[in-house]
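Engineer: In case you want the letters, here they are:
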Amino acid sequence: MAAITLSGLAKTYAGGVAAVKGIDLHVDDGELVVLVGPSGCGKSTLLRMVAGLESITEGALSIGGRVVNKLEPAERNIAMVFQNYALYPHMTVYQNLAYGLKNRGVKKSDIDRQVRDAARMLEIGPLLTRKPRKLSGGQRQRVAMGRALVRDPAVFLFDEPLSNLDAKLRVQMRVEIKKLQRRLQTTSLYVTHDQLEAMTLGDRLVVLNEGRIEQVGTPMDIYRYPATLFVAGFIGSPAMNLLPVDFLQARNAGDALDALPPGTDIIGIRPDTIFLAPPAVPHLACDATLELFEAAGAENHLYVRLAGGEQATVIRTGQQAPVAEGEILRCYAPLEALHCFNQASGQRTG
Amino acid sequence: MVEHRPWANLLSHGVLLIGVALIMLPVYIALMAATQAPGELLRGNMPLLPGGHGLENMRQMWQSGIASASAPPAGRMLWNSFVMAMTITLGKLGISLLSAFAIVYFRFRLRLFFFWLIFITLMLPVEVRIIPTFEVVASLNMLNSFAGLSIPLIASATATFLFRQFFMTIPEEMLEAARVDGAGPLRFFKDILLPLSITNIAALFVILFIYGWNQYLWPLLITTDPDYYTIVMGIQRMTSDENPQWQLIMAAVTMAALPPVLVVVFMQRLFIKGLTETEK
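Line by line, the protein sequences give chains A and B. By my numbering, the letter at position 168 of the first sequence is numbered 165, and the numbering carries on one by one without gaps. Remember, my numbering sits 26 above the position in the second sequence when you count from 1.
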């Protein structure tokens, strides 16, 4: 059980490439924090720095109040689940789980008890005598998890652990990881590029971009109030529609334009806050051509092109398409659903 | 190939049979010659049927050798060959595993330089460096000793190179997982790398054992004491007798051929796996 504190953590590779540029973050004891961002944003590097697999160029990292910058991974009391699982192919599942304990000089009888406990928790008891190559992807994933939790470490580190699974299994394992973490109350850092996984798993999200933190907050905070243009575009699926203010002004798009905070030149609208009937409050309104109607079951997506522009926009609605593809419809967005940003600074304006 | 063409079948089988015959005939003749009575072979005919003296020839060769050619008993020479081949094999495997481990997993100055240094020794087989090597071994008083027979042949670029290539195919995460699991470098080597390399080690064991066993020029140069004759060079000594006893020589040849055959037979399964398996 331990909190993790990163202060001014930075990583510059020998070639001068800065992968992580000064990260300040505090992860509370028992919290599950998800690091999310596009590929190359430095999230994996950051995780590996916490693990001790990458050296720290600058800043301090403490786990459980102890500065661990110079410690070997094994001395940091962490456990890691790797993307490709990295199970030892020549060892049975039992040996895979026991290896870390054996290296720490744990007594044979204790090893046996801990391995069986972990196996029971992950329901891999019947697999203990098998070798990894005889396991399915989902089973390997469980064994990799087992190898992490068998030692009862202070911190779990997950490096995109679900990205090699098929979609159905991924959802199932996501739920299990969440439940397991709740039950064990082990501080966890979880790296993913899948924003849906990030939203559903994390107690808090850290959105990273180009080696810097864009925003830290609970998933709903980040979804409702993205602090920067980058977060607005990255979190949410389908992605938020970003429309330049002058484009809307040129179209005389409604009374909401007069109420925007100063400095706003980009407006973000979530696809589910665009309506096909005018709301009673101040709003934006615009004609658009329906290009494609996509029925996804519980919800439908309308891909439209705003009149006179190249701007493709998505509308998420429960209704059927009001007009045929290729015809014009009118869409509305209430003022309170608008996210206002400044293009140059990338920041939210209010 | 699922085609069924009788003539093509006949032709390919014919070619294969000729190939087998070309290889097996000398072996067969050696076996038959080893069973002849003394003097039979000197009459100039080469019998193709067993002569009934096989065990007797073997026993004589094994126990007493050929005194007139100052060849010691074959048992002694086989033992010498075995010790030399095993020392060379184990030495080569040990050194190349460790040096490949160092080159792949450790970052030290001049790492690439050392790799290439090892690599270019591939261009220098024993025969090329034999005179300086002899000089060194002689100055170190290692003539007529097992150390002199085997140590100069141990350094191995081939095996180092093969293990390096193999280690580089092992995913980086394996090392990282081991580090998180608290395994230091040597433990990683012993617990992870060695078991994963076992089929490669077996394949190289077979190749290197036969290489060591078949050494001819080097033992011929540095041994003058019959106690250190190896079987392969011993046979050469026997043929230089002014009255060569071919039935005994052929018995020695048969015995000399046996250990490599046994090594291949017993390690065949691992050997083939090591050459073909790529799964990880």
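Note that these hints are calculated values from the structure, not bench results. Idealized CB from N, CA, C, for every residue including glycine. Do not rely on the hints blindly, as some may be mistaken.
Derived DSS-like pairs: lysine-lysine, alpha-carbon spacing no greater than 30 Å straight-line [said to hold, decoys possible]:
#1 A:Lys128 / A:Lys105
#2 B:Lys216 / A:Lys67
#3 B:Lys299 / A:Lys67
#4 A:Lys104 / B:Lys216
#5 A:Lys105 / B:Lys216
#6 A:Lys128 / A:Lys99
#7 A:Lys104 / A:Lys131
#8 A:Lys175 / B:Lys299
#9 B:Lys299 / A:Lys128
#10 A:Lys165 / A:Lys128
#11 B:Lys299 / A:Lys131
#12 B:Lys299 / A:Lys105
Which residues of chain B face chain A? A partial, calculated answer using Cβ under 7 Å [said to hold, decoys possible]:
#13 Gly45
#14 Ile49
#15 Glu66
#16 Gly101
#17 Ala209
Derived list of chain B stretches under chain A, where covered just means 3 residues or more per stretch with a C-beta under 8 Å from a C-beta of chain A [claimed, not checked]:
#18 170 to 177
#19 191 to 201
Engineer: State the violated hints by number, sorted upward, taking the hints as numbered earlier in the document.
Structural biologist: Checked against the structure, the hints that fail are numbers 3, 8, 12, 13, 14, 15, 16, 18, while the rest are satisfied.
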